[in-house]
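My numbering numbers the first residue of the sequence shown as 308 and each following residue consecutively.
Any given hint could turn out to be false.
As the list claims (entries may be wrong) - Taking lysine to any residue and the SDA-like style, the derived pairs with C-alpha atoms no more than 20 Å apart in a straight line are:
{"#": "1", "residue 1": "K362", "residue 2": "K381"}
{"#": "2", "residue 1": "K401", "residue 2": "V420"}
{"#": "3", "residue 1": "K418", "residue 2": "E325"}
{"#": "4", "residue 1": "K381", "residue 2": "K415"}
{"#": "5", "residue 1": "K401", "residue 2": "V422"}
{"#": "6", "residue 1": "K334", "residue 2": "I345"}
{"#": "7", "residue 1": "K407", "residue 2": "L352"}
{"#": "8", "residue 1": "K401", "residue 2": "A319"}
{"#": "9", "residue 1": "K407", "residue 2": "V311"}
{"#": "10", "residue 1": "K371", "residue 2": "Y357"}
{"#": "11", "residue 1": "K381", "residue 2": "D398"}
{"#": "12", "residue 1": "K362", "residue 2": "A374"}
{"#": "13", "residue 1": "K381", "residue 2": "A399"}
{"#": "14", "residue 1": "K407", "residue 2": "D394"}
{"#": "15", "residue 1": "K334", "residue 2": "D320"}
{"#": "16", "residue 1": "K328", "residue 2": "F315"}
{"#": "17", "residue 1": "K401", "residue 2": "L352"}
{"#": "18", "residue 1": "K407", "residue 2": "A322"}
{"#": "19", "residue 1": "K415", "residue 2": "L312"}
{"#": "20", "residue 1": "K401", "residue 2": "A327"}
{"#": "21", "residue 1": "K381", "residue 2": "K407"}
{"#": "22", "residue 1": "K407", "residue 2": "V349"}
{"#": "23", "residue 1": "K371", "residue 2": "L361"}
{"#": "24", "residue 1": "K362", "residue 2": "D383"}
As the list claims (entries may be wrong) - Pairwise CB distance ranges (calculated):
{"#": "25", "residue 1": "K418", "residue 2": "K328", "range": "19 to 27 Å"}
{"#": "26", "residue 1": "N340", "residue 2": "K371", "range": "32 to 40 Å"}
{"#": "27", "residue 1": "V422", "residue 2": "A360", "range": "32 to 40 Å"}
{"#": "28", "residue 1": "G412", "residue 2": "I364", "range": "39 to 47 Å"}
{"#": "29", "residue 1": "K334", "residue 2": "L361", "range": "20 to 28 Å"}
Derived by calculation from the structure, the hints in this document are not laboratory data.
For every residue, glycine included, the Cβ atom is placed at its ideal position computed from N, Cα and C.
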Amino acid sequence: EGVVLSTFFDDADPATAEAAKFITGFKPYLVENKQPDIIPAVSALGYDAYITALKAIELANSTKGPAIRDALAKVDVEGVTGRIVFDANGDANKDMAFIKVVENGQFKFLKTVSVM
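Full structure from sequences and hints, please.
Shown next, in the form of structure tokens:
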């Protein structure tokens, strides 16, 4: 109780245009399939991985691994979980974090903060 934590996504805050589209498209799927209507952060991250890979393939104009790897260094996309860019070491850098607190045994969204 009272624990404050950060996560990669919260559907209570569509912090980017891509997040708003994702939430609008994914929530009905959850309801139709009798799932809890809270979108898991891993689903948002999976979507971001997909659009990031697709952008790298487009930039590489190739489906060859080395070309895609090299193109990832040039990727700059607005994802569901924020802006995605890669540093010189190939690590993905994110520009936002979603802050939650545990209240009454449940996660409650507090705010989104910039981390860049």
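Results for each hint:
The hinted pair formed by K362 and K381 meets the criterion: a straight-line CA distance of about 9 Å does not exceed 20 Å. A threshold of 20 Å between alpha carbons decides the hint, and for K401 with V420 the separation of about 11 Å falls inside it, so the pair holds. Distance check on the hinted pair: K418 and E325 sit about 18 Å apart at the alpha-carbon level, within 20 Å; holds. Our distance criterion of 20 Å between C-alpha atoms is broken by K381 and K415, whose separation comes to about 36 Å.
At most 20 Å may separate the alpha-carbon atoms for a hinted pair to count; K401 and V422 meet this at roughly 7 Å. Of the pairs offered as hints, the one joining K334 and I345 holds, with about 8 Å between alpha carbons and a cut-off of 20 Å not exceeded. Annotation: proposed proximity of K407 to L352 holds, straight-line Cα distance about 17 Å (limit 20 Å). Note on K401 and A319: the hinted pairing holds, with a Cα-Cα distance of about 19 Å set against a maximum of 20 Å.
Straight-line distance between C-alpha atoms of K407 and V311 comes to about 6 Å, which keeps the hinted pair within the 20 Å bound. Annotation: proposed proximity of K371 to Y357 holds, straight-line Cα distance about 16 Å (limit 20 Å). With a C-alpha separation of about 12 Å, the suggested pairing of K381 with D398 holds against the 20 Å cut-off. Taking the CA atoms of K362 and A374, the gap is near 12 Å; set against the 20 Å cutoff, the hint holds.
The suggested pairing of K381 with A399 holds, with an alpha-carbon distance near 11 Å, which does not exceed 20 Å. A distance of roughly 27 Å separates the Cα atoms of K407 and D394; the hinted pair therefore is violated under the 20 Å criterion. The hinted pair formed by K334 and D320 meets the criterion: a straight-line CA distance of about 14 Å does not exceed 20 Å. Simply put, K328 and F315 have alpha-carbon atoms about 17 Å apart, close enough for the 20 Å limit, and the pair holds.
Our distance criterion of 20 Å between C-alpha atoms is met by K401 and L352, whose separation comes to about 11 Å. Annotation: proposed proximity of K407 to A322 holds, straight-line Cα distance about 15 Å (limit 20 Å). Restraint check for K415 and L312: the C-alpha separation of about 10 Å stays at or below 20 Å, so the hint holds. Restraint check for K401 and A327: satisfied, since their Cα atoms lie roughly 18 Å apart, inside the 20 Å limit.
A threshold of 20 Å between alpha carbons decides the hint, and for K381 with K407 the separation of about 32 Å lies outside it, so the pair is violated. At most 20 Å may separate the alpha-carbon atoms for a hinted pair to count; K407 and V349 meet this at roughly 16 Å. Annotation: proposed proximity of K371 to L361 holds, straight-line Cα distance about 13 Å (limit 20 Å). A hinted pair counts as satisfied when its Cα atoms are at most 20 Å apart, and K362 with D383 qualifies at roughly 9 Å.
A beta carbon spacing of about 22 Å between K418 and K328 agrees with the range 19 to 27 Å that was offered as a hint. In this structure the hint that N340 and K371 lie 32 to 40 Å apart at CB holds, the actual value being about 36 Å. Between V422 and A360 the beta carbons are some 23 Å apart, a value that contradicts the proposed interval 32 to 40 Å. For G412 paired with I364, a C-beta distance near 43 Å keeps the hint of 39 to 47 Å intact.
Here the CB-CB span from K334 to L361 is close to 23 Å, well matched to the stated 20 to 28 Å.
When the structure is compared with the earlier hints, violations turn up for hints 4, 14, 21 and 27 and for no others.
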